[in-house]
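Participant: What follows is each chain in one-letter form.
There are 2 protein chains.
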Amino acid sequence: MIKAIIFDLDNTLVDFMLLKRAAVDAAIYAMIDAGLNVSYEKAKEMINSIYDAEGIEYQQVFDRMLKEILGRVDYKVMSAGIVSYRKAREAALKPYPLVLPTLIELMKMGLKLAVVSDAPSKEAWLRLSYINFQHFFDVVITYDETRERKPSPVPFNMALKELDLRADECLMIGDWAERDMVGAKSVGMKTVFARYGDTFNTVNPESDYDINSVSEIVDIVKKENKIKN
Amino acid sequence: MIKAIIFDLDNTLVDFMLLKRAAVDAAIYAMIDAGLNVSYEKAKEMINSIYDAEGIEYQQVFDRMLKEILGRVDYKVMSAGIVSYRKAREAALKPYPLVLPTLIELMKMGLKLAVVSDAPSKEAWLRLSYINFQHFFDVVITYDETRERKPSPVPFNMALKELDLRADECLMIGDWAERDMVGAKSVGMKTVFARYGDTFNTVNPESDYDINSVSEIVDIVKKENKIKN
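Sequence lines, in order, name chains A and B.
For the first sequence, position 149 matches number 149 in this note's numbering, and the numbering has no gaps at all.
For the second sequence, position 135 matches number 135 in this note's numbering, and the numbering has no gaps at all.
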């Protein structure tokens with residue numbers, strides 16, 4: 001009997017790569033507009049390599065780029081970049097289609113909802129709050145709670161403990177096969193691969209289910225729980 | 001002959017107290033909504049006393065308040081506060097009425113424009129960028145450039161040097177008599193008191209001019225430069 005759905009956050013509930021690309025592009029154009037003498041391509045390459053080195057949540061990416069280009073932080077340029085980044089991020093930060101009605105449907109079916117994310121607490125909660133999702137989840141586990149990343153069993157087991165459920169009572173849904181599917185399966189959960197969020201063109205995610213829209217979870221739960229439509 | 005107008009930023013170009021109040025109020029309501037067990041009045045009092053101790057630009061004000069109330073940072077609560085703070089700040093961050101047409105008119109008259117602000121560089125430039133003012137000013141002096149606050153003559157003299165003008169060729173406009181008027185006068189500038197931004201109910205600002213709308217600067221310049229209407 002499935003009693004809870006556990007979601008990955010980025011690229012499962014929200015299209016994180018889209019918002020990051022939109023925000024970074026807007027920031028680059030604004031910094032060039034504010035007087036930075038660099039090509040779009042060069043700036044994009046520098047920013048991507050800083051994110052590769054420091055992680056995608058790194059907050060000082062523009063400071064770092066400006067120091068590399070100018071030898072100092074030009075606050076006019078950086079602020080133009082930050083403001084455009086924030087505006088574009090807010091505009092692009094949306095749940096995938098049908099996420100909200102699906103969460104509501106799952107709640108009405110009596111299921112608990114949880115998030116297990118490798119993002120830092122503050123950034124994960126900021127994203128949830130921006131889309132007004134901060135009240136939907138019974139349990140939210142982020143990197144700061146465990147200091148272990150998926151596929152480690154630690155965050156999954158912490159979610160189970162806080163949900164007060166067994167692994168076979170939970171469905172894990174995520175876009176990253178090696179982290180979300182492998183980790184959830186290792187503790188005994190059933191797994192749902194969010195193909196719509198997959199950016200690696202994964203051929204075989206080795207999940208129990210493979211979905212193209214988050215709304216398919218409802219039917220999966222009905223099937224698992226032998227509920228007739 | 002007046003050749004440049006030097007503006008204070010907060011409460012002269014933008015209504016900073018309004019935006020701060022709007023942003024903090026929105027944040028408090030959001031944190032209570034996210035589960036923080038505190039009254040609006042108590043939260044407001046704690047936030048004001050943190051700002052009094054650390055300065056109005058202090059960025060960790062919600063972290064600090066949550067640590068005082070809960071003994072730890074609750075990221076769900078803090079993120080709800082930050083998101084609401086940012087949205088309300090962006091909505092409330094506007095130039096005063098007639099600032100934009102006045103800046104354009106002054107530029108068309110051939111005047112240079114400058115800002116001398118005690119705010120930190122990043123925050124000053126962020127506010128200018130949010131309202132799309134980042135291109136209007138020939139010179140922007142913030143606290144980071146001089147590490148001296150008005151009424152020290154240092155930031156005023158730096159502005160003069162970068163403008164390449166003498167003090168008697170500049171008009172300083174600001175809302176804070178003891179800082180903006182006293183400091184500008186001490187280096188020999190003519191002064192304009194922005195009464196519309198004054199929150200102290202100053203009786204005698206000891207300025208050369210006293211205005212209720214920023215648009216009055218145009219006539220002051222015409223009078224000073226003996227231009228007929």
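There's no promise every hint is true.
[Claimed, not checked] Dumping the calculated DSBU-like pairs for lysine-lysine here, alpha-carbon to alpha-carbon at most 30 Å: (1) B:Lys-42 / B:Lys-3; (2) B:Lys-228 / A:Lys-76; (3) B:Lys-76 / B:Lys-122; (4) A:Lys-76 / B:Lys-42; (5) A:Lys-67 / B:Lys-42; (6) B:Lys-42 / A:Lys-42; (7) B:Lys-228 / B:Lys-112; (8) B:Lys-161 / A:Lys-87; (9) A:Lys-122 / B:Lys-42.
[Stated by the list, open to error] Coverage of chain B stretches by chain A, computed from C-beta distances (three or more under 8 Å per stretch; other residues unrestricted): (10) 72-82; (11) 130-143; (12) 175-185.
Treat the hints as calculated values from the structure; they're not laboratory data.
Ideal Cβ positions, reconstructed from N, Cα and C, are used throughout, including at glycine.
Participant: Compare the structure with each hint and give your call.
Facilitator: A quick look at each hint next to the structure:
Using a Cα cut-off of 30 Å, the hinted pair Lys-42 (chain B) and Lys-3 (chain B) is violated, with the two alpha carbons roughly 49 Å apart. Annotation: proposed proximity of Lys-228 (chain B) to Lys-76 (chain A) is violated, straight-line Cα distance about 37 Å (limit 30 Å). Between Lys-76 (chain B) and Lys-122 (chain B) the CA atoms are separated by roughly 27 Å; this keeps the pair inside 30 Å, and the hint holds. Restraint check: the Cα-Cα separation between Lys-76 (chain A) and Lys-42 (chain B) comes to about 37 Å, which exceeds 30 Å; the hinted pair is violated.
Note on Lys-67 (chain A) and Lys-42 (chain B): the hinted pairing is violated, with a Cα-Cα distance of about 42 Å set against a maximum of 30 Å. Distance hint between Lys-42 (chain B) and Lys-42 (chain A) is unfulfilled; the C-alpha atoms sit about 50 Å from each other, more than 30 Å. Restraint check for Lys-228 (chain B) and Lys-112 (chain B): the C-alpha separation of about 20 Å stays at or below 30 Å, so the hint holds. Pair hint Lys-161 (chain B) plus Lys-87 (chain A) does not hold up; C-alpha atoms about 35 Å apart against a cutoff of 30 Å.
At most 30 Å may separate the alpha-carbon atoms for a hinted pair to count; Lys-122 (chain A) and Lys-42 (chain B) meet this at roughly 24 Å. Restraint check on the segment 72-82 of chain B versus chain A: 6 residues with Cβ-Cβ distances below 8 Å, three needed, restraint holds. Against chain A, the segment 130-143 of chain B contributes 5 residues with a C-beta closer than 8 Å to a partner C-beta. That satisfies the three-residue criterion, and the hint holds. Closer than 8 Å: that is the beta-carbon criterion, and the segment 175-185 of chain B has 0 residues meeting it against chain A, so the requirement of 3 is violated.
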